[in-house]
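There are 2 protein chains.
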Amino acid sequence: LISIAFDLLGGDKAPEETVRGLVLAMEARSDFVTYAVATKEIFEKYNKILSPFVTSGRIEEVCCESVFEMDDEPVRAWMNKKGSSLHKLVDLVNDGLACGCISLGSTGGCLVAGTLGVGRLKGIERPAIGVLLPSKQGGFLLIDAGANVDVKPKNILDFARMGSTYMKFLGFENPSVGLFNVGEEKGKGDRLRQESYELLSKSDLNFTGNMEGKDAFFGKFSVLVCDGFIGNIFLKTTEGVSDYVRYEMRDAIRQSFMTRLGGMLLYPALARLIKRVDYSNYGAAPLLGVKKVFLIGHGRSGRVAAKNAILQTVKLCSTNLIEKVKIIGES
Amino acid sequence: LISIAFDLLGGDKAPEETVRGLVLAMEARSDFVTYAVATKEIFEKYNKILSPFVTSGRIEEVCCESVFEMDDEPVRAWMNKKGSSLHKLVDLVNDGLACGCISLGSTGGCLVAGTLGVGRLKGIERPAIGVLLPSKQGGFLLIDAGANVDVKPKNILDFARMGSTYMKFLGFENPSVGLFNVGEEKGKGDRLRQESYELLSKSDLNFTGNMEGKDAFFGKFSVLVCDGFIGNIFLKTTEGVSDYVRYEMRDAIRQSFMTRLGGMLLYPALARLIKRVDYSNYGAAPLLGVKKVFLIGHGRSGRVAAKNAILQTVKLCSTNLIEKVKIIGES
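Chains R and G, in that order, are what the protein sequence lines are. Position one of the first sequence corresponds to residue 1 (the numbering used here), numbered consecutively onward. Position one of the second sequence corresponds to residue 1 (the numbering used here), numbered consecutively onward.
I should point out that these hints are in silico values taken from the structure, not numbers from a laboratory. Just so you know, not all the hints are guaranteed correct.
Since the list can't tell identical chains apart, any single copy or any two copies may satisfy a pair.
Mimicking DSS-like on lysine-lysine, the simulated pairs with C-alpha atoms at most 30 Å apart in a straight line are [claimed, not checked]: (1) Lys326 <-> Lys315; (2) Lys291 <-> Lys122; (3) Lys291 <-> Lys188; (4) Lys315 <-> Lys136; (5) Lys81 <-> Lys188; (6) Lys154 <-> Lys220; (7) Lys13 <-> Lys220; (8) Lys188 <-> Lys214; (9) Lys81 <-> Lys186; (10) Lys152 <-> Lys186; (11) Lys82 <-> Lys186; (12) Lys188 <-> Lys82; (13) Lys275 <-> Lys220; (14) Lys13 <-> Lys214; (15) Lys136 <-> Lys122; (16) Lys188 <-> Lys13; (17) Lys122 <-> Lys40; (18) Lys152 <-> Lys214; (19) Lys13 <-> Lys152; (20) Lys188 <-> Lys152; (21) Lys154 <-> Lys40; (22) Lys202 <-> Lys291; (23) Lys122 <-> Lys154; (24) Lys82 <-> Lys152.
This structure is a prediction, so every number in the text was calculated from the model and none was measured.
Generate the whole structure from the sequences, applying the supplied hints.
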């Protein structure tokens, strides 16, 4: 039986949506147990919903005293809030009670909890966040999506290796790796890009060269590797453009009776499209390079996204992902 | 009478669309003359279309021998192709015959022609490309959009100043300036961002702090300042996401009879939306920090975009933009 730890207090919509998400996950799959972390008050409030699972032994309630707030400086909060939900999560995996853990944020808090609390795998200097994004060919992994602002070429190579390993677990054979750059030709970009290109070329990865942001969504590769600064900017720009297009589309539909009618007829297809483009639907992001399975869900997640994130954690716990990443650090 | 120089050979759709665009511009405004640069063969081919304007003295044909190709390395081509259309363009503004010039690309070629051929203004270490993008509040300027990959904080300050000056010419009063970063709080980002933040805070600009890519399109500021690496990535990501949404939307419309009907009813509004999001409609990008008005049009431009780019050049030539930018360099 797989056991995971889940932070009921993480994310913008906690605890309402995290509690509901956990119940949905429990109902969807019966082969795992969960250490659910929250304050005493929250457990009392949701007692009716959670108690059947507690009675059957599928949920164990673990009390914490505080939570990382959005405006907490992560490292400082890690030092000062020893009774936080993230600390409990880390204790549960470090003690071997849970095989892996998942929180819906804060991202900065999770990053610190993973790096300082769980600890880096030997040889992996910088753990990285991988985010799965949609594309014409079924999706690609952006790594590092924001964990590391200043990096060296060796770190980029590690990111690419970890990303490639992760994508294999998602069923991509020999995943192609693109280096995020400002042009396709070799020799483009700053020194970091040029030196990373060299390292990637010499590696055993399926490296396909430099890639530009405009090609990312058309499926020319499965892993898009970059430093966390670029990754963060890419991710937020993507979010900004989608939001803007959605806003303009709503505006376009409201223009006249005919456009409203058109919007109604198109609605189901448009809703699917929006869902496809919205990366909060693409599950949780793995923090790769730490000693345990550690997933970071999107802060905006509702109950369905929370459920998917939990099930993804369960799934990863049943693989030997950590052993595979460990080999990268040791090589 | 304003006189400008126009490169009939620049852009993906040259010469057909550049010639048509020039004619449209000539018809739209009668208070300027154009030095049109092309090879002898092109002038012969389009003789019938151009000759009325040549006869009336509004177009002067200037022959060149070659053109920068997409795969030319710009600096090398600048050294070797002395008879290129970009060289002629530069000669025309340097000799004082034309007050400003415009080419639809290559961007790299224009950058080199502007920086090495026309020359930097005193005190401006790095000229920068400003690109106007749509937003909820009527648009913002991204600067530097790709001219400089490695920069110093002082350069970022110059970019912000030049961008702010340019936006004033477009009618924005006291334009607000945001620093492109990975978080909104002060102290975010790498050292370049942190030091640039300090310089911008102490400047006389209307600096509103750090800005994230997701807010760019919702009009929180008029100038988004960054290094050319980030600028290029932002621009191409924007392009990629718009293209992807457009592709998915087409797919959504094709799903059934009802969605096709919906698409038809929505079509006029959607076409407007796509036009709004497509930055090739947002005119040409100024290369700021060089001694003359130098605009770089989008390579994808058709005749209407070419016309707009030409008229924009004429308009800028009638202002004292260069004097204002000169003051920045001297301060």
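Which holds for lysine 275 with lysine 220 at a C-alpha limit of 30 Å: within a copy, between copies, both or neither?
For lysine 275 and lysine 220, the Cα distance is within 30 Å both inside one copy (22 Å) and across copies (26 Å).
Homomeric proximity label, lysine 82 with lysine 186: Cα distance no greater than 30 Å:
Between copies, since 26 Å is at most 30 Å while 48 Å is not.
Homomeric proximity label, lysine 122 with lysine 154: Cα distance no greater than 30 Å
This pair counts as within: shortest intra-copy Cα distance 14 Å, inter-copy 40 Å.
30 Å Cα threshold - placement of lysine 188 relative to lysine 81:
This pair counts as between: shortest inter-copy Cα distance 22 Å, intra-copy 45 Å.
With identical chains, the pair lysine 291 and lysine 122 could be close in the same copy or across copies; at 30 Å between alpha carbons, which is it: within, between, both, or neither?
within (9 Å within a copy, 55 Å between copies)
How would you label the pair lysine 188, lysine 82 (within, between, both, or neither) given a Cα cut-off of 30 Å?
between (46 Å within a copy, 25 Å between copies)
Checking an output row: lysine 152 and lysine 214, CA cutoff 30 Å. Within, between, both or neither?
both (25 Å within a copy, 27 Å between copies)
If the cut is 30 Å between Cα atoms, do lysine 13 and lysine 220 qualify within a copy, between copies, both or neither?
between (35 Å within a copy, 26 Å between copies)
Status of lysine 152 relative to lysine 188 across identical chains (alpha carbons, at most 30 Å)
both (17 Å within a copy, 19 Å between copies)
30 Å Cα cut-off: does lysine 82 pair with lysine 152 within a copy, between copies, both or neither?
neither (32 Å within a copy, 40 Å between copies)
Lysine 136 and lysine 122: within-copy, between-copy, both or neither at 30 Å Cα
neither (36 Å within a copy, 48 Å between copies)
One pair to classify: lysine 188 and lysine 13, alpha carbons no more than 30 Å apart. Within, between, both, or neither?
between (43 Å within a copy, 26 Å between copies)
Violated hints, in rising order: 15, 17, 19, 21 and 24; the structure is consistent with all others.
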